[in-house]
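Peer 1: Sequence:
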Amino acid sequence: MGKAFDITLIVAFLPKLLAFLHVTLFVLALSLLFGLLIGVVIALPRLYKVPIISQLAALYVSFVRGTPILIQLFLVYYGLPALLQTVHLDISRVNPIFFVIVTYSFSSAAFISETIRGAVNSVDRGQVEAAYAIGLTGPQTFFRIVVPQALMIAFPNFTNTIIGFLKDTSLTFSIGVMDMMGRGQALISATAHSLEVNIALAIIYYAVVIILEKLFVKTEGRLQRHERRLVGA
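The opening position of the sequence shown corresponds to residue 1 in UniProt numbering, with each subsequent residue numbered one higher.
Simulated from the structure, these hints should not be mistaken for laboratory data.
Don't take each hint at face value.
With a cut-off of at most 27 Å between alpha-carbon atoms, the simulated DSSO-like pairs for lysine-lysine come out as follows [as the list claims (entries may be wrong)]:
#1 K16 with K214
#2 K16 with K3
#3 K16 with K167
#4 K167 with K218
Throw the hints in and build the complete structure from the sequences for me.
Peer 2: Next up, the structure:
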């Protein structure tokens, strides 16, 4: 049973939790960077319908989207060391943040690959044919015609993925990573003021999401202005 609610503790807990915000953002940034790279690799075989590989990629995406990320985290955290032990490689003492980044990278890759695939397929096929008609090669058509338009289409979904995975990082404490949630659990154990800690965490997460949303809106506005100038030209 927790102690009586004390609103002043929320203010007291905020700086203690904010001191670990950089861990949360580090996990998010690195995971999404690797997730983007892996997502492109997963999306390409499905876009070009490469036999067998495209089916395997589709199965992978289906599995990731159909299972909770907490289960995926446990599978990697407990399964990867056990798997590597069969080849006499011991990673049981590796920092848990490594397993978090691996899990979140491959998990975000599945969602990013679907965003990329949907955006590329949304580009008008007639523009691609027109590019070929004026003599552009396949790579030139892809990077000059398809990619700029696909980027605009995909941008809102990318932002949703980023915000979604920011919130999912709150699960990393479950394998011992000392991020904001991990520090929050330590504060709860030390003070028994669970409600105040969780309110402080909610304030921080919400503030970060609001800042990210404003940055995304400004970035999208600049991308749209750039696209309009290109169309006008």
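Peer 1: What hint numbers does the structure not satisfy?
Peer 2: none
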